[in-house]
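So the protein lines, in turn, are chains A and B.
In terms of my numbering, the first sequence is residues 1 to 250.
In terms of my numbering, the second sequence is residues 1 to 250.
Keep in mind that the hints are not guaranteed to be accurate.
[To be verified] Heads up, incomplete: computed chain B residues facing chain A, CB under 10 Å, no partners named:
#, residue
1, R32
2, H63
3, E105
4, H199
5, E214
[Stated by the list, open to error] Okay, the calculated beta carbon distance ranges per label pair:
#, chain 1, residue 1, chain 2, residue 2, range
6, A, R130, B, A234, 23 to 33 Å
7, A, T25, B, D59, 40 to 50 Å
8, B, A249, A, D52, 42 to 52 Å
9, A, P132, B, G196, 52 to 62 Å
10, A, G38, B, D230, 48 to 58 Å
11, B, A234, A, P4, 50 to 60 Å
Note that these hints are calculated values from the structure, not bench results.
Every residue gets a Cβ at the ideal spot worked out from N, C-alpha and C, and that includes glycine.
Number of protein chains: 2
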Amino acid sequence: MTEPSPTAAVLIIGDEILSGRTRDTNLNTIARFLAAHGIDLLEGRVVGDRRDQIIGALDDLRHRHDYVFTTGGIGPTHDDITAQCVADAFGVALPEHPEALAILERRYGAEFNAARRRMALVPEGASLIRNPVTDAPGFQIGNVFVMAGVPAIMQAMLEDVSGRLRTGHVVHARTLRVSGVGEGAVAATLEAAARGARHLSFGSYPFGAGTTGEIGTQLVIRGRDGASVDAAAASLLDELAGAGIAVEAL
Amino acid sequence: MTEPSPTAAVLIIGDEILSGRTRDTNLNTIARFLAAHGIDLLEGRVVGDRRDQIIGALDDLRHRHDYVFTTGGIGPTHDDITAQCVADAFGVALPEHPEALAILERRYGAEFNAARRRMALVPEGASLIRNPVTDAPGFQIGNVFVMAGVPAIMQAMLEDVSGRLRTGHVVHARTLRVSGVGEGAVAATLEAAARGARHLSFGSYPFGAGTTGEIGTQLVIRGRDGASVDAAAASLLDELAGAGIAVEAL
Chain A
1 MTEPSPTAAV LIIGDEILSG RTRDTNLNTI ARFLAAHGID LLEGRVVGDR RDQIIGALDD
61 LRHRHDYVFT TGGIGPTHDD ITAQCVADAF GVALPEHPEA LAILERRYGA EFNAARRRMA
121 LVPEGASLIR NPVTDAPGFQ IGNVFVMAGV PAIMQAMLED VSGRLRTGHV VHARTLRVSG
181 VGEGAVAATL EAAARGARHL SFGSYPFGAG TTGEIGTQLV IRGRDGASVD AAAASLLDEL
241 AGAGIAVEAL
Chain B
1 MTEPSPTAAV LIIGDEILSG RTRDTNLNTI ARFLAAHGID LLEGRVVGDR RDQIIGALDD
61 LRHRHDYVFT TGGIGPTHDD ITAQCVADAF GVALPEHPEA LAILERRYGA EFNAARRRMA
121 LVPEGASLIR NPVTDAPGFQ IGNVFVMAGV PAIMQAMLED VSGRLRTGHV VHARTLRVSG
181 VGEGAVAATL EAAARGARHL SFGSYPFGAG TTGEIGTQLV IRGRDGASVD AAAASLLDEL
241 AGAGIAVEAL
């Protein structure tokens, strides 16, 4: 592998996430999307609808990662302040974008009003991100992709973002399912395997805790070289099975 | 209200969240728990199982908030590095905690081993957080509460945390459900209401986008004075209904 894979951060914007009213699902959707593109998602942030927080997080993240993906705060109501914050972070104006305006006029016809017109405000120099669900576009400025908070719309916007990204080497993963014992019973074997293959990552994710059902753990081996991952998974499976532990490859 | 309500941050630790393998639910659980205690959750972070990231985020958050709640990375496997990172962030040692050791010995009996013994390592000066599900405790050091990543365990640990927190004034919320029109149709009315009651917050959360079902938006009015919230909700409902919009109080 010659060039390192790109890195990314996600910034979730919205009081409703921090108040507990809404359970965020966008971070997971974006994480899976980035994994499929071989882009390393290194961190996530959740902030409220507050100017200082949005700008602070955005400026921090966009200088440290190849890409930043934001969700939320681009609707027509007064609490939607993301576009203004992004413009201020980049130090550019926030004019009406002619194409966004045309899209919104077409969408709303006689019901187009001042509030909806706010959704045509796009930071200078940004390009639009298509919204096939409700038309009101997101936008890209520099390495920042600004998307809607509604999950169905956010997910649709990722389609348009896809072609704009530099892709990396996809991370391969193999999972072994250990059952009947807790992760403490396999920890030493797992650690020895991890020490023997430092270019791979080995994780353990227990299940069944607190239930009356079966307990166990899923061991996940990850790395950018698929053959190494396969070999490490096969070897770990052999070793655990040889020690009399119930284990299967998923 | 004389004293400001306490503020808090949540730090979610785990590669499995950033890889997309696992969808985090702990942030939402903690958010609801804090809301019930009148504590303002101001931000969330998600980082991987990486020492520099964990320590960096922890040091940033614990100095800016009254409380920090972490989840993940306190199990028996080699990728569980949270306790060590917390000790290093606070500049203290990480000895075996006698009570934690006794709890684990009792739990595992003949199956107690070196990996499980790691779970007795607790930063000097920390107090234990009880785990009624699988016994292995979390801990509190200073204003930081370190909890398990498995949702059922994390939730149970919050019970023990509850009594240790300074509570604030609970935020009251009223929700109006607008149907048949998008949020752009009520944005101006909502903004005027918000301008008239700056001690309250007014949010709009659309639903139905991208489906063939009903569209609409939920308007949420929030504030620490319940009577003001009720009055603002009643007034907004009257105004919207008077304008011929289908709206009901939830």
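Hint-by-hint comparison with the structure:
1. This hint holds: R32(B) has a C-beta 4 Å from the nearest C-beta of chain A, less than the 10 Å allowed.
2. At a threshold of 10 Å, the smallest CB-CB gap from H63(B) to chain A is about 15 Å, leaving the interface hint violated.
3. The interface hint given for E105(B) is violated, since its Cβ lies 13 Å from the closest Cβ of chain A, which is over the 10 Å cut-off.
4. Annotation: H199(B) was flagged as interfacial toward chain A, and the flag is violated, the nearest CB pair being 15 Å apart, outside 10 Å.
5. The restraint placing E214(B) at the interface with chain A is violated, with a minimum CB-CB distance near 14 Å, outside the 10 Å limit.
6. In this structure the supplied range 23 to 33 Å is violated for R130(A) paired with A234(B), their Cβ-Cβ distance being about 41 Å.
7. For T25(A) and D59(B), the hinted distance range of 40 to 50 Å is not satisfied, since their beta carbons lie about 29 Å from each other.
8. A C-beta distance of roughly 33 Å is found between A249(B) and D52(A), which places it outside the suggested range of 42 to 52 Å.
9. Our hint of 52 to 62 Å for P132(A) and G196(B) is violated, since their Cβ atoms are close to 37 Å apart.
10. Between G38(A) and D230(B), the C-beta spacing of about 52 Å keeps the proposed range 48 to 58 Å intact.
11. At roughly 57 Å, the beta carbons of A234(B) and P4(A) sit within the given window of 50 to 60 Å.
Checked against the numbered hints above, the structure breaks hints 2, 3, 4, 5, 6, 7, 8 and 9 and satisfies the rest.
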